[in-house]
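Dock chains B, C, D and E with the ligands against the given chain A, drawing on the hints supplied.
Protein chains in written order, with my numbering: chain A, 1 to 249; chain B, 1001 to 1262; chain C, 2001 to 2259; chain D, 3001 to 3259; chain E, 4001 to 4291.
These are calculated hints, taken from the structure and not from any lab test. Be careful, since some hints might not be right.
For each label pair, taking beta carbons as the anchor points, the in silico distance ranges come out as [what the hints assert, rightly or not]:
hint: 1; chain 1: B; residue 1: V1249; chain 2: C; residue 2: R2179; range: 37 to 47 angstroms
hint: 2; chain 1: A; residue 1: A239; chain 2: B; residue 2: R1248; range: 34 to 44 angstroms
hint: 3; chain 1: C; residue 1: Y2011; chain 2: D; residue 2: Q3095; range: 18 to 28 angstroms
hint: 4; chain 1: E; residue 1: K4240; chain 2: A; residue 2: L46; range: 42 to 52 angstroms
hint: 5; chain 1: A; residue 1: R35; chain 2: E; residue 2: P4105; range: 31 to 41 angstroms
hint: 6; chain 1: E; residue 1: D4210; chain 2: A; residue 2: W17; range: 26 to 36 angstroms
Covered by chain C, according to a simulated footprint, are these stretches of chain D (three or more residues, beta-carbon under 8 angstroms) [unchecked claim]:
hint: 7; segment: 3080-3092
hint: 8; segment: 3134-3142
hint: 9; segment: 3192-3205
Where a beta carbon is used, it is the ideal one built from N, C-alpha and C, also for glycine.
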Amino acid sequence: MKAIRLLALPALLVLLWWAVSGSSFYLPSPAAVGRAFAETWFSERLVDDVLPSTGRLLAGYALAGLLGVGLGVPIGLSRRLRATLEPVLEFFRAVPPPVLVPLIMLLAGIDTPMKVLVIVSGCLWPILLNTVEGVRALDEVLADTCRMYGVRGASRVRRFVLRGASPQIMTGLRQALSIGIILMVISEMFASSSGLGFTIVLFQRQFQIAEMWSGILLLGLLGLGLSLLFRRVERWVLAWYYGSGAARA
Amino acid sequence: MIRRDGLLPRLGYGAAGLGGLLLLMEAVPRLGLVDERFLPPASEILATLAAQLGTAELWIALGETLRGWAIGLALAFCAAVVAGVVIGIVPGLRALTSSTVEFLRPIPSVALVPLATLLFGPSLGSTLLLVVYASFWQVLIQVLYGVAAVDSVAFDTARSYRLSAWSRVRHLVWPTALPYVMTGLRLAAAVAFILAVTAELVIGSPGLGAEIQVAQSSGAVPSVYALIVLAGLVGIAVNAAVRLLERRVLAWHPAVRSEVAA
Amino acid sequence: MLEIHDLRKVYESPGRRVEAIGSITLSVGAGELVCVVGPSGCGKTTLLRCVAGLLPVSGGEVRVDGRRVTGPPPSMAVVFQEYGRSLFPWMTVRQNVELPLKEKRLPADRRRDLVAGSLRAVGLSDAADAHPWQLSGGMQQRVAIARAVAYEPQVLLMDEPFAAVDAQTRADLEDLILRLWRSFEITTLFVTHDIDEAVYLGRRVVVLSSSPTTVMEDLKIDLPAERDQLTTRSLPRFGELRGHVYRQIQRARGHSEDR
Amino acid sequence: MLEIHDLRKVYESPGRRVEAIGSITLSVGAGELVCVVGPSGCGKTTLLRCVAGLLPVSGGEVRVDGRRVTGPPPSMAVVFQEYGRSLFPWMTVRQNVELPLKEKRLPADRRRDLVAGSLRAVGLSDAADAHPWQLSGGMQQRVAIARAVAYEPQVLLMDEPFAAVDAQTRADLEDLILRLWRSFEITTLFVTHDIDEAVYLGRRVVVLSSSPTTVMEDLKIDLPAERDQLTTRSLPRFGELRGHVYRQIQRARGHSEDR
Amino acid sequence: ATPGQGSGPTKVNAGVIAIVDTAPIHLGKAKGFFTEQRIDLTITPVQGGAAAVSGAVSGQFQFAFANTTSLLTAKQQGLDVKVVANGVSSTGEQGKDFSAVLVKPDSPIKAAKDLAGRKISVNQLKNIGDTTVRASVRNAGGDPSGIEFVELPFPDAPAALQSGRVDAIWVVEPFVSQAISQGARPVAWNFADAAPDLTVAMYFTTGRTDADLTRRFTAAIRKSLEYADAHPDEVREVLKTYTKIAPEVIAKIYLPKWPAEVNKASVQTIADLAVADGVLKEKVDVSALVP
Ligand SMILES: Nc1ncnc2c1ncn2[C@@H]1O[C@H](COP(=O)(O)OP(=O)(O)OP(=O)(O)O)[C@@H](O)[C@H]1O
Ligand SMILES: Nc1ncnc2c1ncn2[C@@H]1O[C@H](COP(=O)(O)OP(=O)(O)OP(=O)(O)O)[C@@H](O)[C@H]1O
Ligand SMILES: [Mg+2]
Ligand SMILES: [Mg+2]
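The following block holds chain A by itself, in its conformation from the complex:
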């Protein structure tokens, strides 16, 4: 039953795709893409391109998580800090990653650190913003309770701030996951000679359209897999939240 619910819509979409495909060179049929998928990715590419990319993705994502939450908590807690830093952060947030890349290359070179940083530069924002907003919206009575019972400093952050803001932090982390994949592709459009993103872009430039779509399919599957994993973690972290009736879902 669960499988049916999970697969019904995708099946419908594939059917739709089937119906419209073939009309153009750029829209190969699902079968062609499926064939290309098998040929392209079940090979050494998996080890040479997909795994390193995924590794960088996870590294960048983790770094962005640490940074986003680490910055978000103080910014959310302090009105002054928020007023001071917000314009600067908004400034960087509005700069498109592709044009930020040259700057990052100046500072971090062209190898893995650069790519990880590019991923961080995109993943950071949803985590940071959500953390800030989550921290701002903490329950006042709980905040007072902490003050009364001398729950301060690190303990306050760990036991109250982070937990209380966790629903919103998780929202940010969820957003960042897919943005990370997108930025992984973008980072590999520069100074690369391998990687999942690079390969897709190369296919596109070489007009290997079925292969390109198979790469996109792989990105989607990667995102799906990671998000399923994420949901596991979330159910665990937010068990109190979904159980308590503070949230209904």
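Only chains B, C, D and E with the ligands this time, still in chain A's reference frame:
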């Protein structure tokens, strides 16, 4: 009671933050930490920007970009809010759509460039497709989490008074989700802007991105940074606008409440 | 009007299983006012939620007006124990009270009258334009009561509705409920911790045992129908009934400690 | 221990200005137990929050132990009126009670004893591993009380701490507080709506007028120091004091309606 | 729409990358060579060859500009592309071409041969850059197989070279002049090395453009190419209109050659090299691409 931080002091803090950034951007190349030729000092960037602001071209380009941005953002926002609320409140729909949503979300807009050019060519349509695709998910996810955040007692209240589905959405779900939606709007506004610029950069439809692309391939480094700074400034302006909106629509929310009255 | 037959409710969550209601059978006639008392945590709120159709039952059934309850029945109003969470913080007091009336599609002037009337009745006319979080606990609770009253329900469920107000306000509100109940014959199920209140208000008082909960006693209150804070409460029979209920609750609690 | 001098508090928000406390001057000696009563919305919670240093005052000052209060003073515990919101939903009952003890850096076994003891005292030993939202309203309130008790404060502020529990539990908890107060000489400020409770517990009962609030009466309760639910409450003097306070609150409320 | 004789000008959208190489079409437009052929030309800047090809194949552009390797690749993938005119050619002169491989002034790499086994940046992998750089190394007697190519956009290459992230960079104008003026040292002129008078890029169309329009466009673009080749000063002027290259740089850059004819032999050479290097999967029949 005293208001601790009024609007003016707040602007003051913001200005201080930006001033710090400018100083840093001036110092890094001046101290030779990076080569001045590749990262010009802030003063030079600003001078270039000032010169460019005097040309009509730049304003036309900016106008083009902002048009794509605004239309795309509006489309994505409306679509995502409607979709998010419907998925969030109709039982079963979430399970039905989740796999597809999670599959489509990580597909980079830039990978859709061939599809976009195929459908629309280097026109506003392509830009819109990319902008809408990218910013839609940002809002959607926020709305989904926001809808889930409805308090169970409040929800039971609405049910026991037999509020219709529409009233529930309007009076309960929407206000609850609003803080999440505002964050979504801020995220999407930036993403839409980024995609508008990127689309122009990649597809070549006219606008700020195309200007950056030309400046880049001409090796005009100060121009490139001037345009980037311009993009950043637009971002600051957009955020300020959303914050203002937030102050109005979320006046009741604890986060905003504590901000207004100390 | 209200029939509860062999109602059972078990809360199941990972690592914890609470049999909140063992078996409750109870009926409330149309236009009757029944008070429910019982030790803390015995399942009064759970019972009310099941009757309101807000909580799926684990067994047995609830019928309102002959129809089996699966969701909230029409023209039923509930005052929740968590009054604070049941008010919408983004609306003013007036808007909170008016919202269900809008849903009933009452004309604007009728709504205005009802809102003004019910807010006056609970003593909050001044606070109509405040937001709930600008009010004291007792005031919030009174807003929730005003909302239920303005709704003009046929069935009214109240879960410790006067817990947060002072003695004098409480007496006033008790009389308000009695007045409403008498004029509109509202079928009322009233959960309270205050035994005096239960005896004063109820035509019947139902005493619940502690969990797994059953009906320990269903006591008819044979006081005169016309009640009055001073005279009724000073009747010797009032004292007797009060003492009886008190002892019953003590038994109910003892019963739980024996377990 | 607790000195409140000409305390004033005005809530100001766009479009609404509430002078919650006109002027309150009050002092509570070390180891004294003072009950505060007053009409709903008169500013009791506000007073408590100012004393706790959680709310900036608009005028006057509060001193605890001779030091002017600007933030929460050390070794003071508060039971909030919004008990439900004051418990951390992501912690179990045990963790909620233990948290402040961890902050005090008590050794683990001492913590365990205190937690177990206080939970037993409020009758919640069984629920130690439940989360707050799995508990009934009264149980949640008792968790908040247990937390304050386990903290072993020197000053204890309680805001209607027994509003959500049944009569019998209430009596037990009253005696618990009396016992603690007597053994550890905890300076206690106790807000309640229950006049009997105020007279039974307090060495003094402070009656507040409705807002703008002032101290209407500061009544010494000249009942024997040893108190007992049955005997004390049946003393004729108890009835007199009770009646007196009742009349005062009525006056306080009337006073507000004259405005 | 195919206008008959005497009806109004045909609207044409050309997808062209905004670099030095495409000066002729801009110049020709300014000179009115397209209007003469009753063509109302719109020049749309595109980001690169792949975008130009997709745009043309999907019908957005009637004509577009792409480099030789991109066109060969497209042809091999079965796309319906057909060259209508030459685009840009190497000058064929060592030291005076618009494309070069540069190293840092103090680099141990002294000649093309030393590039073997080094890390070299190109703007796109598996394209004309790596093919021709390999050719340079091979011609100089080195072994190109060990070269590590990395992708770096031209504008970012000089910075990467200076900070030592790569050993050598392949760039085209204006970055060649810029980098040389900043001290970089050319070690190979890869376009000149690969083939005499190498045809680097070409204008092309697709099957859906009608023959008459193609004929007229070809005439106009050929005229533009010849004019541009003959009037370098006007080329330098027109560069100021559609690029942001600094005027002092414009004055110095090496202009490419713009012969009207495609050098089919050089295209074949590139095709063969590409097959040898594995950039193309199999041999391409150049005549099918360049009629
Ligand atoms: N969501 C829940 N999950 C698990 N157990 C629950 C839940 N809600 C209530 N319970 C349990 O059910 C029992 C009855 O709870 P209920 O709230 O009905 O009591 P009550 O009679 O209203 O008590 P009170 O007078 O204190 O409000 C309690 O033991 C409580 O722990
Ligand atoms: N955050 C706030 N903003 C504005 N006004 C407030 C706020 N909190 C309380 N008030 C107002 O201050 C007055 C006193 O409130 P307070 O909560 O102190 O009353 P209380 O004596 O505790 O009442 P109750 O017994 O009902 O809990 C009320 O009129 C209330 O409307
Ligand atoms: Mg209850
Ligand atoms: Mg209060």
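* To do: Evaluate the given range 31 to 41 angstroms for the C-beta pair formed by A:R35 and E:P4105.
  => violated, 51 angstroms
* Okay, the segment 3080-3092 of chain D and chain C, do three or more residues pass the C-beta test at under 8 angstroms? -> holds (count 4)
* Asked: Would you say the C-beta atoms of E:D4210 and A:W17 sit inside 26 to 36 angstroms of each other?
  -> holds, 33 angstroms
* **Claimed coverage, the segment 3134-3142 of chain D by chain C - three or more beta carbons nearer than 8 angstroms** => n = 7 at 8 angstroms, threshold three: holds.
* Check the following: the C-beta atoms of C:Y2011 and D:Q3095 are separated by a distance inside 18 to 28 angstroms. => holds, 20 angstroms
* Range hint 42 to 52 angstroms (beta carbons of E:K4240 and A:L46) holds or violated -> Check passed, 50 angstroms falls within 42 to 52 angstroms.
* Asked: Does the Cβ-Cβ separation between A:A239 and B:R1248 fall within 34 to 44 angstroms?
  -> holds, 36 angstroms
* Using the beta carbons of B:V1249 and C:R2179, state whether their distance is inside 37 to 47 angstroms or not. => Holds, at about 40 angstroms.
* Given as covered by chain C, does the segment 3192-3205 of chain D meet the bar of three residues or more with CB within less than 8 angstroms? -> The restraint on the segment 3192-3205 of chain D holds, since 3 of its residues have a Cβ under 8 angstroms from chain C and three suffice.
Comparing the model with each earlier hint shows a violation of hint 5 alone; every other hint is respected.
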